[in-house]
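*Asks:* Residues per chain are reported as follows:
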Amino acid sequence: MTPQELENLAHLRRARDLIDRRYAEPLDVPTMAGRALMSPAHFSRQFRAAYGESPYNYLMTRRIERAMSLLRAGASVTEACMAVGCTSLGSFSSRFSEIVGETPTAYRRREHDAVAAMPACLARHRTRPVREASSRIREASPATAA
Amino acid sequence: MTIALQYCNITVNDVDESIAFYSVLGLQVQNDVASGEYRWVTLGSDAQPGLGIVLSAPHAGRSKANGDALQELLTKGELPMMVYRSDDVDATFEALRAIDAEVLQEPMEQGWGPRDCAFRDPSGNVVRIAQAPAA
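If you read the sequences in order, they're chains A and B. Residues in the first sequence are numbered consecutively from 1, following the numbering used here. Residues in the second sequence are numbered consecutively from 147, following the numbering used here.
Calculated from the structure, these hints are not laboratory results. Heads up, a few of these hints could be off.
Subject to a maximum C-alpha distance of 20 Å in a straight line, what follows is the list of computed SDA-like cross-link-like pairs (lysine to any residue) [what the hints assert, rightly or not]: (1) B:Lys222 <-> B:Pro268; (2) B:Lys222 <-> A:Ser54; (3) B:Lys222 <-> A:Tyr51; (4) B:Lys210 <-> B:Ser181.
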């Protein structure tokens, strides 16, 4: 890798660290891009190439992962929503359901024994929701299975 | 039978830059071995005699392709973290912040245990530092 490529990757890493640290604040892509010393459009493309998802998706996944932790600890859905920097309960709930596969209320209600036994710094990575690389394949499968 | 950790390896982009960072943690150079254009530098501390932490570059002893792959993961911040123990985590935090190390997390009490903080080393490795339990 050229020194320039390495430098760019380090800038992207610093922007990702900024998202991980300041997820609860109103963060926008121009602010993240500023940390990476790139224009927003160039930053979004480079971030996706390095980390496999857009900066905004990364931020939302981080917020939902933190909300999952708060819900496991007994916070209400509204408390969790506000604490992770989401301002609309409706869009928080729909984003949560899309990423986690169940509503925040349902997630809060069930048992989470295995995660409770994990140190927080591990749980943060192990419980981070994984987005499907391509939803098209899954959507198509019922037709092919039949 | 007894067993103990004797050496562990940390991949860094620039060995000398990393020595400056890790010396703030109280680790001193114990050995510096060069082979070709690469070096393997062993750090250690009186706090844990017998444990050597070996710094080397991604391409040291590897093919270009594998070195490139490792260097990319390192710089993206994707390599596994190291966790250290300090008898004064707040003082360690201030010492690292004083050299402008990249802060990942200020010292805070963790629900599961100790007070801890976290930094990136100059290459992108996560360095987490936990408060040692009172003796």
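*Asks:* Each hint: holds or not?
*Replies:* The hints, checked one at a time:
1. B:Lys222 <-> B:Pro268: Holds: B:Lys222 and B:Pro268 sit about 12 Å apart, inside 20 Å.
2. B:Lys222 <-> A:Ser54: Roughly 15 Å between the alpha carbons, so the hint for B:Lys222 and A:Ser54 holds.
3. B:Lys222 <-> A:Tyr51: Cα-Cα ~8 Å, so holds.
4. B:Lys210 <-> B:Ser181: Roughly 16 Å separates the two Cα atoms, so the pair holds.
Hint check: no violations occur; every hint is consistent with the structure.
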